[in-house]
Amino acid sequence: MSGRILVLGATGTVGAPLVAELVARGERVRAASRRATEVPGAEAVRFDHFDPSTHEAAFEGVDRAYVLMPSGHLNVVETLGPIMDLAARKGVKVVFQSVFGVEADDSIPYRQVELRLERSGVPFVILRPNWFMDNFHTYWGESIRRQGVVAVPAAEGRTSFIDARDIALAAAAALTSDRFDGRAFNLTGPEALSHHEAAAVLSAALGRTVTYRPVDDETFVGIMTQAGVPEDYARFLAAIYYPVREGWASAVTGAVAELTGQEPRDLRAYARDHAAKLKVDAAA
Numbered sequence: 011m012s013g014r015i016l017v018l019g020a021t022g023t024v025g026a027p028l029v030a031e032l033v034a035r036g037e038r039v040r041a042a043s044r045r046a047t048e049v050p051g052a053e054a055v056r057f058d059h060f061d062p063s064t065h066e067a068a069f070e071g072v073d074r075a076y077v078l079m080p081s082g083h084l085n086v087v088e089t090l091g092p093i094m095d096l097a098a099r100k101g102v103k104v105v106f107q108s109v110f111g112v113e114a115d116d117s118i119p120y121r122q123v124e125l126r127l128e129r130s131g132v133p134f135v136i137l138r139p140n141w142f143m144d145n146f147h148t149y150w151g152e153s154i155r156r157q158g159v160v161a162v163p164a165a166e167g168r169t170s171f172i173d174a175r176d177i178a179l180a181a182a183a184a185l186t187s188d189r190f191d192g193r194a195f196n197l198t199g200p201e202a203l204s205h206h207e208a209a210a211v212l213s214a215a216l217g218r219t220v221t222y223r224p225v226d227d228e229t230f231v232g233i234m235t236q237a238g239v240p241e242d243y244a245r246f247l248a249a250i251y252y253p254v255r256e257g258w259a260s261a262v263t264g265a266v267a268e269l270t271g272q273e274p275r276d277l278r279a280y281a282r283d284h285a286a287k288l289k290v291d292a293a294a
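Position one of the sequence shown corresponds to residue 11 (my numbering), numbered consecutively onward.
Don't take each hint at face value.
Derived pair list, reagent style SDA-like, types lysine to any residue, alpha-carbon separation capped at 20 Å [unchecked claim]:
no., residue 1, residue 2
1, 100, 130
2, 100, 65
3, 100, 191
4, 287, 157
5, 100, 69
6, 100, 159
7, 287, 21
8, 287, 216
9, 100, 126
10, 287, 158
11, 100, 118
12, 287, 118
13, 100, 128
14, 289, 191
15, 289, 221
16, 287, 152
17, 289, 186
18, 100, 63
19, 100, 71
20, 287, 159
21, 100, 133
22, 287, 63
23, 100, 218
24, 287, 213
25, 289, 100
26, 289, 144
27, 289, 159
28, 100, 125
Computed spacing ranges between beta-carbons, pair by pair [stated by the list, open to error]:
no., residue 1, residue 2, range
29, 237, 289, 12 to 20 Å
30, 165, 50, 17 to 25 Å
31, 91, 165, 32 to 40 Å
32, 125, 61, 33 to 41 Å
33, 188, 214, 36 to 44 Å
34, 89, 48, 19 to 27 Å
35, 34, 188, 39 to 47 Å
36, 218, 99, 52 to 60 Å
37, 63, 188, 25 to 33 Å
38, 236, 289, 18 to 26 Å
39, 271, 165, 34 to 42 Å
40, 246, 273, 39 to 47 Å
Since the hints were made in silico from the structure, they are not lab data.
Since the model is a prediction, treat every value here as computed from it, not as a measurement.
Note that CB positions come from ideal geometry on N, CA and C, so glycine has one too.
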């Protein structure tokens with residue numbers, strides 16, 4: 011593998027640390043984003059998931075690609091299917107960022123995309139990360155900063171939250187080796203925590219009280235739409251808290267260590283490293 015690596019969503023939560031890691035390893039990286047944003051050490055290219063005219067050029071001359079769905083959108087099969095087909099036509103290895111637990115049901119859209127990739131004939135690795143720790147400073151950040159509250163419909167369910175930096179390291183390993191080809195990995199952090207426990211970890215890191223307030227789905231949708239999230243995506247987020255409530259998000263795997271050779275970060279490390287983003291003046 012000596013060609014370029016295409017990273018979709020190169021300025022995003024996983025994409026940015028992934029590009030940085032690949033560049034640090036000496037890889038030639040094509041950093042794809044909607045505005046072709048310059049990224050240090052990489053070749054910037056415009057790529058809009060919803061504008062097929064931007065796809066062909068982005069895939070030209072690459073032999074590996076990191077593919078993911080942009081957040082806030084639900085038409086997974088319609089959006090990613092043609093991208094997987096393009097990768098197959100060009101013989102590009104795909105490392106696909108899927109979703110934790112989708113292997114349970116082949117009717118789930120993300121699983122349908124996985125199956126399409128598995129049948130494509132190109133080398134692939136599927137990564138299924140659990141809930142991102144980073145959601146605390148992105149999706150829930152405003153509520154934590156302003157009110158000291160995490161309000162989600164998780165009930166008392168536990169989640170093995172994962173740091174996006176560990177997803178990036180896992181992706182880098184999959185993109186720079188053929189040892190993991192043809193496999194799927196469920197990526198988790200090192201422990202499963204309730205949201206009450208997570209709030210306590212955040213409180214310790216911030217030096218002020220953060221509390222978890224369980225809410226029902228409709229209340230959650232209202233909170234999210236008031237924060238600017240489209241209603242259909244807010245309802246999607248509410249729906250995927252059902253597995254959390256049922257305990258299905260509590261599994262802890264060794265996948266990150268298998269891929270990267272190191273244990274994943276725990277929530278304490280995440281909170282310490284991102285505390286500045288959760289302080290009140292971070293929103294200014």
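Evaluation of the provided hints:
no.: 1; hint: 100 - 130; verdict: 11 Å, holds
no.: 2; hint: 100 - 65; verdict: 12 Å, holds
no.: 3; hint: 100 - 191; verdict: 17 Å, holds
no.: 4; hint: 287 - 157; verdict: 14 Å, holds
no.: 5; hint: 100 - 69; verdict: 8 Å, holds
no.: 6; hint: 100 - 159; verdict: 48 Å, violated
no.: 7; hint: 287 - 21; verdict: 17 Å, holds
no.: 8; hint: 287 - 216; verdict: 10 Å, holds
no.: 9; hint: 100 - 126; verdict: 15 Å, holds
no.: 10; hint: 287 - 158; verdict: 13 Å, holds
no.: 11; hint: 100 - 118; verdict: 27 Å, violated
no.: 12; hint: 287 - 118; verdict: 34 Å, violated
no.: 13; hint: 100 - 128; verdict: 16 Å, holds
no.: 14; hint: 289 - 191; verdict: 41 Å, violated
no.: 15; hint: 289 - 221; verdict: 15 Å, holds
no.: 16; hint: 287 - 152; verdict: 10 Å, holds
no.: 17; hint: 289 - 186; verdict: 37 Å, violated
no.: 18; hint: 100 - 63; verdict: 16 Å, holds
no.: 19; hint: 100 - 71; verdict: 9 Å, holds
no.: 20; hint: 287 - 159; verdict: 15 Å, holds
no.: 21; hint: 100 - 133; verdict: 12 Å, holds
no.: 22; hint: 287 - 63; verdict: 36 Å, violated
no.: 23; hint: 100 - 218; verdict: 53 Å, violated
no.: 24; hint: 287 - 213; verdict: 13 Å, holds
no.: 25; hint: 289 - 100; verdict: 46 Å, violated
no.: 26; hint: 289 - 144; verdict: 14 Å, holds
no.: 27; hint: 289 - 159; verdict: 13 Å, holds
no.: 28; hint: 100 - 125; verdict: 18 Å, holds
no.: 29; hint: 237 - 289: 12 to 20 Å; verdict: 19 Å, holds
no.: 30; hint: 165 - 50: 17 to 25 Å; verdict: 43 Å, violated
no.: 31; hint: 91 - 165: 32 to 40 Å; verdict: 34 Å, holds
no.: 32; hint: 125 - 61: 33 to 41 Å; verdict: 25 Å, violated
no.: 33; hint: 188 - 214: 36 to 44 Å; verdict: 42 Å, holds
no.: 34; hint: 89 - 48: 19 to 27 Å; verdict: 25 Å, holds
no.: 35; hint: 34 - 188: 39 to 47 Å; verdict: 20 Å, violated
no.: 36; hint: 218 - 99: 52 to 60 Å; verdict: 54 Å, holds
no.: 37; hint: 63 - 188: 25 to 33 Å; verdict: 32 Å, holds
no.: 38; hint: 236 - 289: 18 to 26 Å; verdict: 22 Å, holds
no.: 39; hint: 271 - 165: 34 to 42 Å; verdict: 36 Å, holds
no.: 40; hint: 246 - 273: 39 to 47 Å; verdict: 31 Å, violated
In the structure shown, a violation is registered for the earlier hints numbered 6, 11, 12, 14, 17, 22, 23, 25, 30, 32, 35, 40, in ascending order.
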